[in-house]
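Quick note, the sequences are listed as chains Y, X and C, same order. Residue numbering for the first sequence follows our numbering, starting at 38 and increasing by one per position. Residue numbering for the second sequence follows our numbering, starting at 5 and increasing by one per position. Residue numbering for the third sequence follows our numbering, starting at 48 and increasing by one per position.
What the hints contain is simulated information worked out from the structure, not anything from laboratory work. Cβ atoms here follow ideal geometry from the backbone N, Cα and C, with glycine treated the same way. Take these hints with a grain of salt, some might be off.
What the hints assert, rightly or not - Here are the computed lysine to aspartate or glutamate pairs in the EDC-like style, where the Cα-Cα straight-line distance is at most 16 Å:
hint, chain 1, residue 1, chain 2, residue 2
1, Y, K76, X, D82
2, X, K268, X, E203
3, Y, K299, C, D316
4, Y, K74, X, D77
5, X, K62, C, D316
6, X, K38, X, E283
7, X, K332, X, E294
8, X, K338, X, E283
9, C, K248, X, E109
Said to hold, decoys possible - With the Cβ distance kept under 8 Å, some of the chain C side facing chain X (calculated, not the full set):
hint, residue
10, G200
11, Q236
12, D239
13, R242
14, V243
15, D244
16, S245
17, K248
18, S253
19, L259
20, P262
21, M263
22, A265
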Amino acid sequence: MENFKETLKNMIEKIKEVFKRKETTYSEETIDIKDSKRKAIIYKVVVYSFIIFFAILVLIPFYWMILTSLKTLEQVEEVPPTLWIAFKDMMFVNYLNALNAAPYLRYMLNTVIVATISTVGTIFTTIFAAFAFARLNFRGRDIVFMVLISTMMIPGEMFVITNYITVSRLGWYSPFNQTFGQALLALTLPFMTSIFYIFFLRQAFKQIPDELYLASKVDGTSDFKYLWRIMVPIAKPTIITITILNAMGTWSAYIWPNLVTKEIEYRLVTNGLRNAYLDLTGRIAYNEQMAAAMIVTFPLFVVFLLLKKYIMRGVSRSGIKG
Amino acid sequence: MEIRLENITKIFVQKDKSEVIAVDTLNITIPTGKLIGLLGPSGCGKSTTLYMIAGLLKPNGGRIFFGDEDVTDTAPEDRGIGLVFQNYALYPHMTVRQNIMFPLENIKVPKPEAMIRAQEMADLVGIGELMDRKPKELSGGQQQRVAIARALVKKPRVLLLDEPLSNLDARLRLQTREEIKRIQRETGITTIFVTHDQEEAMSISDEIVLMDFGVRRQMGDPQDVYDKPENLFAAKFLGTPPINIFDGEIKNNNIVLAGKNIGKSKGSDQKVVIGIRPEGFIVNEKGSFELDVDMVETIGRDTSLIINDPTRENNTFRAIIETKHRIKPGDVLKVNIKKDKLFIFDVDLGNLIN
Amino acid sequence: MLEKQSNLKAWLYLLPAMALLLVFTFYPLFNAFYLAFLRDYSYLNGTAEGYTLFGNFIDVIQGANFRIAMKNTSIIVFISVPISVMVALLISVALNSIKKLQGMFQTIFFLPYVTNAIAIGMAFAFIFHQDYGLFNLILGVFGIDPVNWVGLGASWNTAMFALLVYTVWGGLAFKIMVFLAGLQNIDKQYYDAARVDSTPKWRVFSRITVPLLSPMIAYITITSFIGAFKAYRTIIGMFGPTLRPPGTLSKDSLITIVGLVYDSIAQADAVGKISQAAAASIILFLITLSFTGVQMIISKKRVHY
Chain Y
38 MENFKETLKN MIEKIKEVFK RKETTYSEET IDIKDSKRKA IIYKVVVYSF IIFFAILVLI
98 PFYWMILTSL KTLEQVEEVP PTLWIAFKDM MFVNYLNALN AAPYLRYMLN TVIVATISTV
158 GTIFTTIFAA FAFARLNFRG RDIVFMVLIS TMMIPGEMFV ITNYITVSRL GWYSPFNQTF
218 GQALLALTLP FMTSIFYIFF LRQAFKQIPD ELYLASKVDG TSDFKYLWRI MVPIAKPTII
278 TITILNAMGT WSAYIWPNLV TKEIEYRLVT NGLRNAYLDL TGRIAYNEQM AAAMIVTFPL
338 FVVFLLLKKY IMRGVSRSGI KG
Chain X
5 MEIRLENITK IFVQKDKSEV IAVDTLNITI PTGKLIGLLG PSGCGKSTTL YMIAGLLKPN
65 GGRIFFGDED VTDTAPEDRG IGLVFQNYAL YPHMTVRQNI MFPLENIKVP KPEAMIRAQE
125 MADLVGIGEL MDRKPKELSG GQQQRVAIAR ALVKKPRVLL LDEPLSNLDA RLRLQTREEI
185 KRIQRETGIT TIFVTHDQEE AMSISDEIVL MDFGVRRQMG DPQDVYDKPE NLFAAKFLGT
245 PPINIFDGEI KNNNIVLAGK NIGKSKGSDQ KVVIGIRPEG FIVNEKGSFE LDVDMVETIG
305 RDTSLIINDP TRENNTFRAI IETKHRIKPG DVLKVNIKKD KLFIFDVDLG NLIN
Chain C
48 MLEKQSNLKA WLYLLPAMAL LLVFTFYPLF NAFYLAFLRD YSYLNGTAEG YTLFGNFIDV
108 IQGANFRIAM KNTSIIVFIS VPISVMVALL ISVALNSIKK LQGMFQTIFF LPYVTNAIAI
168 GMAFAFIFHQ DYGLFNLILG VFGIDPVNWV GLGASWNTAM FALLVYTVWG GLAFKIMVFL
228 AGLQNIDKQY YDAARVDSTP KWRVFSRITV PLLSPMIAYI TITSFIGAFK AYRTIIGMFG
288 PTLRPPGTLS KDSLITIVGL VYDSIAQADA VGKISQAAAA SIILFLITLS FTGVQMIISK
348 KRVHY
């Protein structure tokens with residue numbers, strides 16, 4: 038008992054000591070308000086400078102591309118290069134020349150056709166598959182889903198090899214003759230479904246409350262009707278995201294179209310980029326080259342700025358990108 | 005450290021550009037070394053007030069003083085406050101020791117000394133043995149204490165607690181509120197805490213500040229606020245079971261309830277709101293009121309009666325009487341009304357009329 | 048589950064997707080292994096000279112380009128990814144701490160995400176042009192003579208430098224997006240608590256933000272490693288299908304492992320080449336698989352708290 042009292046006494050002494058210590062951090066009445074404010078301002082300046090610096094670095098390639106695309110070839114070859122050109126000097130004709138240097142209008146038409154077919158196809162296969170995984174109960178569902186998910190990490194190059202052979206065997210591609218229809222099949226069919234999109238849409242479907250499904254069952258709605266009348270409209274934002282990402286993917290496709298098209302005319306916009314841009318004397322026409330790069334880049338910008346929120350949804354879900 | 009709020013106003017701009025006045029020209033003086041409870045219903049601006057004292061929110065108008073020093077424009081890091089958040093905000097990746105030592109690191113206390121101070125503070129709040137655990141390995145009550153230790157370790161001028169007990173279960177709540185009171189008394193630090201629970205506020209505060217719609221409704225010793233509510237809000241907010249409210253009037257300096265005089269008032273003739281605390285009824289054979297007992301709730305210490313009253317909205321009110329009276333449902337009880345449990349308020353503003 | 052099993056119906060819904068996946072994903076997956084074990088296979092005739100366990104792998108590994116490709120890929124992976132992760136982290140933290148113009152800067156930083164790797168690669172190649180490029184112009188300000196980065200006969204060193212700059216630039220957007228989302232998920236109260244405790248900004252960054260974000264940093268780093276192992280389009284963009292500056296030897300090529308695969312596919316008609324492509328793709332697969340394994344171990348352990 039004595040002991041206990043002793044301890045208690047010690048403790049209270051200690052506590053008092055702690056609070057009596059002289060070097061209290063906040064010696065009273067010494068705070069300099071101006072200092073507070075100045076620190077905050079300095080911090081802001083530093084942060085904004087940092088951000089602006091990197092924002093400029095990010096924008097420079099775009100600026101250089103646009104600037105070059107509007108110069109005359111003589112201006113392009115000026116040393117040192119000029120960093121600014123007046124509006125009246127801008128050579129919009131470069132864009133026309135770039136369009137003519139490769140069959141760009143044809144490429145755009147091809148791209149639109151391929152994007153439409155593969156996107157519509159993808160949407161349908163994805164909706165059906167996502168519905169089955171999200172809503173239906175069948176033997177092996179979880180195993181099949183696991184297998185699908187695990188193939189997502191396999192590099193696409195592994196598939197390309199065999200798909201190339203398959204497309205050739207099916208007669209859709211041959212170095213000797215190929216119709217546009219065959220080229221279209223080769224360009225679209227392998228991309229008419231996507232495990233990532235199925236996974237993505239399944240997540241959206243899963244968030245729809247079970248009660249809606251039960252209610253529709255009570256009303257005698259068929260699964261098929263429920264899917265199209267209830268689930269698809271509710272998951273519309275996700276479906277829009279899939280549409281945009283898929284269409285943008287087609288727009289930027291380069292390797293596969295190069296592999297499986299015989300005629301230059303069957304290819305897509307991005308393929309036109311590596312065209313040789315030469316002027317009449319055989320110099321590289323960098324201005325036209327950059328104009329071509331702009332022609333390919335600009336629509337992506339517009340889509341991005343208009344549909345940013347849909348694209349971001351997809352990005353936050355997707356894991357892997359170089 | 006005395007804390008003074010002068011005409012503090014905080015306006016929040018909503019998403020739709022509309023403005024909400026969270027705190028409205030608030031004036032409070034908080035005396036040194038006291039434990040003050042900021043009390044009010046949710047949305048009354050009490051947490052906003054606390055955060056303005058902390059400096060995490062900036063008032064739109066008015067000044068805040070710590071002692072004689074105007075800290076209105078001082079950044080929170082320079083105010084010398086300790087703040088305990090409602091959900092404690094313990095850093096999940098640090099041990100208890102690291103959490104408590106963290107504020108000391110910032111003010112460059114040498115490590116050996118910091119270790120000692122952290123241990124002292126942990127002992128003070130009773131978690132000295134848990135120093136190497138991570139927050140998620142602690143119970144809610146223990147986390148709470150770590151948060152208090154972290155707030156106190158740098159010896160702040162003021163300790164602020166935001167709903168310190170709301171995340172604890174009922175048993176812990178009782179224990180912790182005593183703990184807070186003890187820590188405050190032992191350290192003598194000026195402490196302000198926010199709560200919506202009147203019992204909590206009354207049980208540990210030296211003074212309470214009652215707030216509603218961003219306005220100070222009453223401030224003072226908890227018992228005083230209970231005994232002498234300055235307005236209908238204060239009368240209604242404090243007390244369980246709550247005060248009974250009746251419509252009445254003042255006529256020729258008499259307070260009239262249900263046609264009977266129940267007291268005198270200097271107020272002019274008008275309709276008034278009459279409040280009678282449940283314990284304000286005295287059983288008396290010659291009492292001037294008859295209570296029609298609907299239900300009897302035996303608590304043990306006293307007896308709670310539910311009284312039929314067709315004139316009231318929900319047809320009943322509550323009276324608490326001593327247990328020596330054995331009452332059955334259906335009894336009719338004659339009572340008088342204690343003068344000091346009777347309050348009258350004006351109908352428009354709800355202010356007390358003497 | 049809500050209702051009884053409905054096997055037939057479910058498979059009917061799955062049919063379109065599954066049929067396509069079978070033909071274009073699962074069959075190719077197994078076929079890649081099959082091809083890799085065929086000796087002297089010609090896909091045109093469908094003939095092979097029996098089987099070989101490692102023959103094609105040895106052919107790939109002993110091929111002139113394999114070591115170059117491994118070297119290039121490793122450099123791209125282990126230099127560009129850490130740099131871009133760090134820069135992206137700093138940018139996102141800075142971006143997260145401001146209010147004014149945050150949306151505008153966000154849009155700017157996200158912009159590279161939607162661009163076309165080939166188009167921007169061309170723009171970068173031109174920025175690094177010896178005479179007309181912006182990069183040398185800036186170097187000139189600091190008194191440095193123009194360097195032939197990617198032009199005729201440019202060295203591997205300079206070309207790789209330019210490629211790394213482009214790769215870091217191109218990788219920022221996605222990482223910033225993910226980090227920013229992660230930062231916005233951190234409870235603001237930690238920062239309020241740190242402020243009240245007078246924590247300097249850099250310590251808030253190193254002691255609170257980074258530890259709390261560490262699971263996401265690990266995830267992004269590893270997935271970016273995997274992504275960078277597949278580098279190919281960026282190189283086509285900058286250097287064209289030859290994958291090297293004009294007028295240079297193949298030892299100075301910037302070919303990557305994926306480049307090896309496509310080089311072999313391009314020569315598919317030659318006997319055995321398609322098997323080598325398959326073998327190369329399996330090597331790539333094994334590398335990414337090991338990184339995925341690391342990722343899984345970390346994500347299990349990532350309970351940093």
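These are the hints, each one checked on the structure:
1. Of the pairs offered as hints, the one joining K76 of chain Y and D82 of chain X holds, with about 11 Å between alpha carbons and a cut-off of 16 Å not exceeded.
2. In summary, the hint linking K268 of chain X to E203 of chain X is not supported, as the alpha carbons are separated by about 32 Å, beyond the 16 Å threshold.
3. A C-alpha spacing of about 15 Å is found between K299 of chain Y and D316 of chain C, which places the hinted pair at or below 16 Å, so the restraint holds.
4. As the CA atoms of K74 of chain Y and D77 of chain X are separated by approximately 8 Å, the hinted pair is consistent with the 16 Å bound.
5. The suggested pairing of K62 of chain X with D316 of chain C is violated, with an alpha-carbon distance near 74 Å, which exceeds 16 Å.
6. Distance check on the hinted pair: K38 of chain X and E283 of chain X sit about 30 Å apart at the alpha-carbon level, beyond 16 Å; violated.
7. This hinted pair checks out: K332 of chain X and E294 of chain X have alpha carbons roughly 15 Å apart, not beyond 16 Å.
8. Restraint check for K338 of chain X and E283 of chain X: satisfied, since their Cα atoms lie roughly 15 Å apart, inside the 16 Å limit.
9. Straight-line distance between C-alpha atoms of K248 of chain C and E109 of chain X comes to about 13 Å, which keeps the hinted pair within the 16 Å bound.
10. Interface hint at G200 of chain C: violated, since its Cβ lies 52 Å from the closest Cβ of chain X, which is beyond the 8 Å cut-off.
11. Here the hint on Q236 of chain C is kept, as its CB sits about 4 Å from the closest CB of chain X, short of 8 Å.
12. With its C-beta approaching chain X no nearer than about 5 Å, D239 of chain C sits inside the 8 Å limit, and its interface hint holds.
13. Taken as an interface hint, R242 of chain C checks out: its beta carbon lies about 5 Å from the nearest beta carbon of chain X, inside 8 Å.
14. Hint on V243 of chain C holds. Least Cβ distance to chain X is approximately 5 Å, under the 8 Å limit.
15. Among the interface hints, the one on D244 of chain C holds; its C-beta lies about 4 Å from the nearest C-beta in chain X, closer than the 8 Å criterion.
16. For S245 of chain C, the interface hint holds, the least distance from its beta-carbon to any beta-carbon of chain X being 4 Å, beneath 8 Å.
17. Hint status for K248 of chain C relative to chain X: violated, with the closest Cβ pair at about 10 Å, above 8 Å.
18. Proximity of S253 of chain C to chain X is violated relative to the hint, the smallest CB-CB distance being about 11 Å (cut-off 8 Å).
19. The restraint placing L259 of chain C at the interface with chain X holds, with a minimum CB-CB distance near 6 Å, inside the 8 Å limit.
20. Look at P262 of chain C: its Cβ only gets to about 10 Å from chain X, farther than 8 Å, so that hint breaks.
21. Among the interface hints, the one on M263 of chain C is violated; its C-beta lies about 13 Å from the nearest C-beta in chain X, farther than the 8 Å criterion.
22. For A265 of chain C, the suggested interface contact is broken, since its CB lies about 13 Å from the closest CB of chain X, more than 8 Å.
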